[in-house]
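Q: Below are the chains, spelled out letter by letter.
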Amino acid sequence: MQEIAYHRPGSLAEALELKQRLGEQARFLAGGTDVMVQAHQKKLGCQAIISLRGLKELRGVRLQGDTLLLGAATTLSQVLADPFISQHLPVLSDAARVMGSTQMRNVATVGGNVMSAAPSGDTLCPLLCLEAVCHLASPEGTRQVAMSEMFLGPRQSAARSGEVLTHLAITLPTAGGRASAGAFLKLSRRAALDLALINLAVQLWLSPDGGSIAKARVAAGVVGPTPLRLAEAEQALTGAAPTADALARAAQSLGNSCNIRDSHRCAAWYREEMLRVLCQRAGARALQRLGIAVEVAA
Amino acid sequence: MKRDMEFMLNGQPVRVEARGGQTLLQLLRDELGLKGTKEGCGAGECGACTVVVDGQALASCIYPALEVEGASVTTIEGLAAPDGSLHPLQEAFVKHGAVQCGFCTPGQIMSAKALLDANPHPGEDEIRSALEGNLCRCTGYHQIVEAVKAAAEEKP
Ligand SMILES: Cc1cc2nc3c(=O)[nH]c(=O)nc-3n(C[C@H](O)[C@H](O)[C@H](O)COP(=O)(O)OP(=O)(O)OC[C@H]3O[C@@H](n4cnc5c(N)ncnc54)[C@H](O)[C@@H]3O)c2cc1C
Ligand code: FES
Ligand code: FES
Numbered sequence: 002m003q004e005i006a007y008h009r010p011g012s013l014a015e016a017l018e019l020k021q022r023l024g025e026q027a028r029f030l031a032g033g034t035d036v037m038v039q040a041h042q043k044k045l046g047c048q049a050i051i052s053l054r055g056l057k058e059l060r061g062v063r064l065q066g067d068t069l070l071l072g073a074a075t076t077l078s079q080v081l082a083d084p085f086i087s088q089h090l091p092v093l094s095d096a097a098r099v100m101g102s103t104q105m106r107n108v109a110t111v112g113g114n115v116m117s118a119a120p121s122g123d124t125l126c127p128l129l130c131l132e133a134v135c136h137l138a139s140p141e142g143t144r145q146v147a148m149s150e151m152f153l154g155p156r157q158s159a160a161r162s163g164e165v166l167t168h169l170a171i172t173l174p175t176a177g178g179r180a181s182a183g184a185f186l187k188l189s190r191r192a193a194l195d196l197a198l199i200n201l202a203v204q205l206w207l208s209p210d211g212g213s214i215a216k217a218r219v220a221a222g223v224v225g226p227t228p229l230r231l232a233e234a235e236q237a238l239t240g241a242a243p244t245a246d247a248l249a250r251a252a253q254s255l256g257n258s259c260n261i262r263d264s265h266r267c268a269a270w271y272r273e274e275m276l277r278v279l280c281q282r283a284g285a286r287a288l289q290r291l292g293i294a295v296e297v298a299a
Numbered sequence: 149m150k151r152d153m154e155f156m157l158n159g160q161p162v163r164v165e166a167r168g169g170q171t172l173l174q175l176l177r178d179e180l181g182l183k184g185t186k187e188g189c190g191a192g193e194c195g196a197c198t199v200v201v202d203g204q205a206l207a208s209c210i211y212p213a214l215e216v217e218g219a220s221v222t223t224i225e226g227l228a229a230p231d232g233s234l235h236p237l238q239e240a241f242v243k244h245g246a247v248q249c250g251f252c253t254p255g256q257i258m259s260a261k262a263l264l265d266a267n268p269h270p271g272e273d274e275i276r277s278a279l280e281g282n283l284c285r286c287t288g289y290h291q292i293v294e295a296v297k298a299a300a301e302e303k304p
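As given, the protein sequences belong to chains A and B, one line each in that order. Residue numbers in the first sequence follow this note's numbering, run continuously in steps of one, and reach 299 at the last position. Residue numbers in the second sequence follow this note's numbering, run continuously in steps of one, and reach 304 at the last position.
Please note that a few of the clues may not be correct.
As the list claims (entries may be wrong) - Taking lysine-lysine pairs in the DSS-like style, the calculated list, with each CA pair at most 27 Å apart, reads: (1) B/Lys150 to B/Lys243; (2) B/Lys183 to B/Lys150; (3) B/Lys297 to B/Lys243; (4) A/Lys57 to B/Lys150; (5) B/Lys150 to A/Lys43; (6) B/Lys150 to A/Lys44; (7) A/Lys43 to B/Lys183.
For the record, the hints were derived by calculation from the structure and aren't laboratory data.
Pulled out of the complex, with its shape left as it was, chain A reads as follows (with noise of 0.2 Å):
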């Protein structure tokens, strides 16, 4: 690494205070698995780093009423050892558990996996399903961004610059004791410190009586440049009974919104069919989570 100023501040006002002085050549970190690694192959384009792992402002998993607040500065490692968030949204225990390696989660940020905006990014899909909702702070105050409004391109998140992400805001899904579950999973060529060639995350609610799905959220990563809701997958899953079936033609439906490309890691005939594998899986694990069993094919 170059010559590099490295400011610590004790809080999220003198951060924001610094970002705005130093503008562009400053970049905030957090667990910087991202920024030392592009430091380590010369492509920081910065002369200083604003550290906010101090911050307690972005530390610390919440619950406010039906609303998990998620502090963006909250580690891999300790969403999946949370017993909260296992129970409740273990979509997002599921991504957590295959990123990366264990060095890595243990300083790898969520908050830092959503400001990346990677394709691959394995946070994204659980927090798109969950419907997660970005705060954002900068010196003029404080603003909200829906998870679907997040993403503009590779590596381009709809943040300012100059906004640090304090939170995350999760209405759990099982709220008013709601029948709800969800599964994500990942392909990819290695268990460990591997990026997805896929991912993809499921999140069901059932009608009151169990009989049927009331409504379904599904998303993908590294179908297109962002990753995305699949709305088809959506609507054939919504008002169907909770089975094999309604799975497969989810499955069938999906592609369409979806812009897959070849690329040097995976071809992209591979990467549809597999879309649907996954979709049919994940699905079947979300099920499963709801006491429901069902034999998926493939």
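Model the placement of chain B with the ligands on the given structure of chain A, informed by the hints.
A: Structure of chain B with the ligands alone, referenced to chain A:
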């Protein structure tokens, strides 16, 4: 930009001048002369540079040096007793043939140390998951897992 900072290194307080752009790995090897921690990929992907900071295994090659201010850092040099007798994990690695070329060994042992400190009796799955970020080109991993199991069983 340079800054004086203090932290605990292998149980001893140290005071060093760290640079803004420096990684913890560079600080340990180049400033403090602790060459036990290795650099493989330099990008977080191989685990050769693993050290333990406040109980957590992490990749020192992508960890900013200035972030350890006030923290407690343990490296491979901190494991043997002052009289030179090896740590049970080191003994177990030797005994089980878990060391071949040895380049990955400090990182493997530090990952295992963080695991056993937090969870003295891990199952095989937990061992494999704790070590998933440590690549080894020689052993085929089996001996490493056996060594960690053996060291865990030895602990009271
Ligand atoms: C070995 C290795 C394996 C990896 N494996 C995976 C994987 O399996 N899946 C995956 O999705 N990713 C993976 N990654 C990528 C990376 O670890 C994740 O994206 C991680 O979540 C980034 O978090 P961080 O806190 O380290 O981000 P940082 O590097 O600190 O920051 C990332 C970006 O976000 C900005 N930023 C961070 N926090 C905030 C905030 N609160 N407000 C405003 N801006 C902010 C930074 O300025 C920077 O541009 C891997 C990385 C490495 C090195
Ligand atoms: S040298 Fe740090 S992970 Fe490879
Ligand atoms: S012993 Fe040679 S790389 Fe592991």
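Q: Given the hint that lysine 183 of chain B pairs with lysine 150 of chain B, does the C-alpha gap stay at or below 27 Å?
A: Holds, because 22 Å separates the two Cα atoms, which is no more than 27 Å.
Q: So if I understand the rule, the pair passes when the alpha-carbon distance is 27 Å or less; does lysine 150 of chain B with lysine 243 of chain B pass?
A: 44 Å, violated
Q: Would the pair lysine 43 of chain A and lysine 183 of chain B pass a check requiring their Cα atoms to be no farther apart than 27 Å?
A: Status holds; Cα separation ~24 Å.
Q: Are the Cα atoms of lysine 297 of chain B and lysine 243 of chain B separated by 27 Å or less?
A: At roughly 12 Å apart (the allowed maximum being 27 Å), lysine 243 of chain B and lysine 297 of chain B satisfy the hint.
Q: What's the verdict on lysine 150 of chain B and lysine 43 of chain A, does the C-alpha distance respect the 27 Å limit or exceed it?
A: With Cα atoms ~20 Å apart, lysine 150 of chain B and lysine 43 of chain A stay inside 27 Å; holds.
Q: If you draw a straight line from the CA of lysine 57 of chain A to the CA of lysine 150 of chain B, is it 27 Å or shorter?
A: Roughly 25 Å between the alpha carbons, so the hint for lysine 57 of chain A and lysine 150 of chain B holds.
Q: Given the hinted pair lysine 150 of chain B and lysine 44 of chain A, is their alpha-carbon gap at most 27 Å?
A: 22 Å, holds
The structure is inconsistent with hint 1 alone, although it conforms to all the rest.
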